[in-house]
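Novice: Protein chains in written order, with the numbering used here: chain A, 749 to 1092; chain B, 749 to 1092.
For the record, the hints were derived by calculation from the structure and aren't laboratory data.
The reader is advised that the hints may include incorrect statements.
The list treats identical chains as interchangeable, and a pair is accepted whether it falls inside one copy or across any two copies.
Cut-off 20 Å, straight-line C-alpha distance, at most; resulting in silico cross-link-like pairs (EDC-like, lysine to aspartate or glutamate) [claimed, not checked]:
#: 1; residue 1: K800; residue 2: E781
#: 2; residue 1: K934; residue 2: D950
#: 3; residue 1: K808; residue 2: E1019
#: 4; residue 1: K808; residue 2: D773
#: 5; residue 1: K934; residue 2: D1007
#: 6; residue 1: K1085; residue 2: E1034
Given next are the chains, with one letter for each unit.
There are 2 protein chains.
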Amino acid sequence: MTDHYNVAIMGSTGAVGQVLLELLDERDFPLNELRLLASARSAGKTVPFQGKALTVQELKEDSFDGIDIVLASAGGSVSQQYAPFAVQAGAVVIDNTSAFRMDPEVPLVVPEVNADDLLAHRGIIANPNCSTIVMVMAVWPLYRHCRVKRIVVSTYQAISGAGARAMEELEAQTREVLAGHPAVPKEIPHQVAFNLFSHNSDIGADGYCTEEKKMVLETRKMFHDEDIQITATCVRVPVMRAHSESINLEFESPLAESDARRILSQALGVEIVDDREANHFPMPLEASGKDNVLVGRIRQDISRPDGTGIDLFLSGDQLRKGAALNAIQIAEVLIAKDCVRVAV
Amino acid sequence: MTDHYNVAIMGSTGAVGQVLLELLDERDFPLNELRLLASARSAGKTVPFQGKALTVQELKEDSFDGIDIVLASAGGSVSQQYAPFAVQAGAVVIDNTSAFRMDPEVPLVVPEVNADDLLAHRGIIANPNCSTIVMVMAVWPLYRHCRVKRIVVSTYQAISGAGARAMEELEAQTREVLAGHPAVPKEIPHQVAFNLFSHNSDIGADGYCTEEKKMVLETRKMFHDEDIQITATCVRVPVMRAHSESINLEFESPLAESDARRILSQALGVEIVDDREANHFPMPLEASGKDNVLVGRIRQDISRPDGTGIDLFLSGDQLRKGAALNAIQIAEVLIAKDCVRVAV
């Protein structure tokens, strides 16, 4: 096997799994075999891919024979349980769950930020949390130019982050509410139709929820900067698919708005949407289905008269760059750098 | 006339006007006459109030004879044009538009913050912008205890802020989108169903929109503190009625989370909704129709290890405390302090 790879997807029927399939096709990924793995419940289902019907196989300890790359997005406990078997079988696992992200032996990577960290992988590579990914896409290019000391971020997170069933629930619940019926939350803990709520992950003793702590800790790990200070407030909004974030940055020294704009306009994976005249800025609807993170509202923070502050607003597709696309880009870098562990 | 007042409403058929009528009834406001004034287009319509049908009269220069209190919410240019005639006729105008807010001779008041400023009124009193009002309800009690140096706020603003027609549009547009039809924005400049966008007020040379500048300038005026630094990012979300805000506060000296919580739990007009166990925090749906601003997610800002930061999240009814309720509370204070200019 030289330049085509055997890829397995764990969790191919979920929201991220669906986009992984779309992207493998769209990007002409050098595939040899594509193996879809899922729980016994989903085994036997067929999934269309490039004109063929692929049959989902039951995920087992010996499912990884001959596999080069595993794209895992079936939940943290599934990754915990099966990733070691995949690694033993010689595959590299690109894990989209939180299972290994803070493991010091596991690289946590957004290719535009820290692709070099991939070189040290020992079989497992972690894909960061979606809200962290879209944030660092805008913050890292600026950070490289002028160190960011502190970030204050508030998120406007789409319901896609809670999975495919939650997306269906937003739609169904909205129909109910419009029909004058009460909303009955199922997957999602609160009414989301015409409402919003604080991100429903567990709250720690410090009052931060897990989602917020991910944004703090994952950013520090990827930036290799334990001193960058970050506070985050994560909020779910009745939007289907792309996450938005309001980001306030405090720099070590003054950074002019014009420099910030120039740097971001040259950044890979970033598209500037910042038309003040037309009042046209990043919107989740326009970010949905796009690979690039849309960045706008770029302005000097008037609350820092010394010029050390920049405000911006972004929208990025949570399922693409926030999850599936980043995982596939990691695989592409591994291939380009020739550091996929090829089986046998 | 001793303890009952002749009240005129300019703009009684709008979203705020409707809530003004609700509140005058609900709060048993000491009414003698209630006169509804509107443009020629709306004149002749009848509006139900306390079991009677009030006929809307055309707003003219001589509409204010015998009126003690004018509640104005028919738009800035209407207030500009007619408020002077109301004052000449001996009435006090409580203006819900932006027309006079930054006029140094006009008190800008949230009664819980700066009721004493009312004493100096010369006939016109300005009601602050909705997003400013709900913010200062949480910030002022803390500020009084320990000066706030800097505020970073991101808003999640309901569509009610754009008026009654915009609320209808959110509903109609959502139905269209659910039916698979494209959204056709009318009142609102972008699709709002399952989307969000940067607040569509004019953007200044500094990149801030008018709504954001209001939050900065109005807060400084009410706090009598030109040095408080504020940066705001204002965003419209597909929520019907209450505004939410993610607020990061930087204090002059350390403030413990427990003190912040105690101070806010004692603050008038504030209700703490901060159940970490049940993941239950302020939501616009629960704030809608309520007089109190709901405040939660109160926590020490981990990005300020010296203890000088507090984060919080709030939801407040934009039409009640954010507009109509505040105006009526101003009238109630004027009555209690005996500084309504009584006609004749």
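Novice: Work down the list of hints and note, for each, if the structure agrees.
Specialist: Hint by hint, here is what the structure shows:
With identical chains, the CA atoms of K800 and E781 are at most 20 Å apart within one copy only, with a shortest distance of 12 Å there and 77 Å across copies. Taking identical chains as interchangeable, the C-alpha atoms of K934 and D950 lie at most 20 Å apart only when both belong to the same chain, with a minimum of 18 Å there against 40 Å between chains. Proximity of K808 and E1019 under a CA criterion of 20 Å is satisfied in neither setting, with 41 Å inside one chain copy and 52 Å between copies. Within a single copy, K808 and D773 get their C-alpha atoms no closer than 26 Å, and across copies no closer than 68 Å, so neither meets the 20 Å cut-off.
Taking the closest pair of Cα atoms, K934 and D1007 never come within 20 Å of each other, the shortest separation being 47 Å inside a single copy and 36 Å across copies. With identical chains, the CA atoms of K1085 and E1034 are never at most 20 Å apart, being 33 Å at best within one copy and 53 Å at best between copies.
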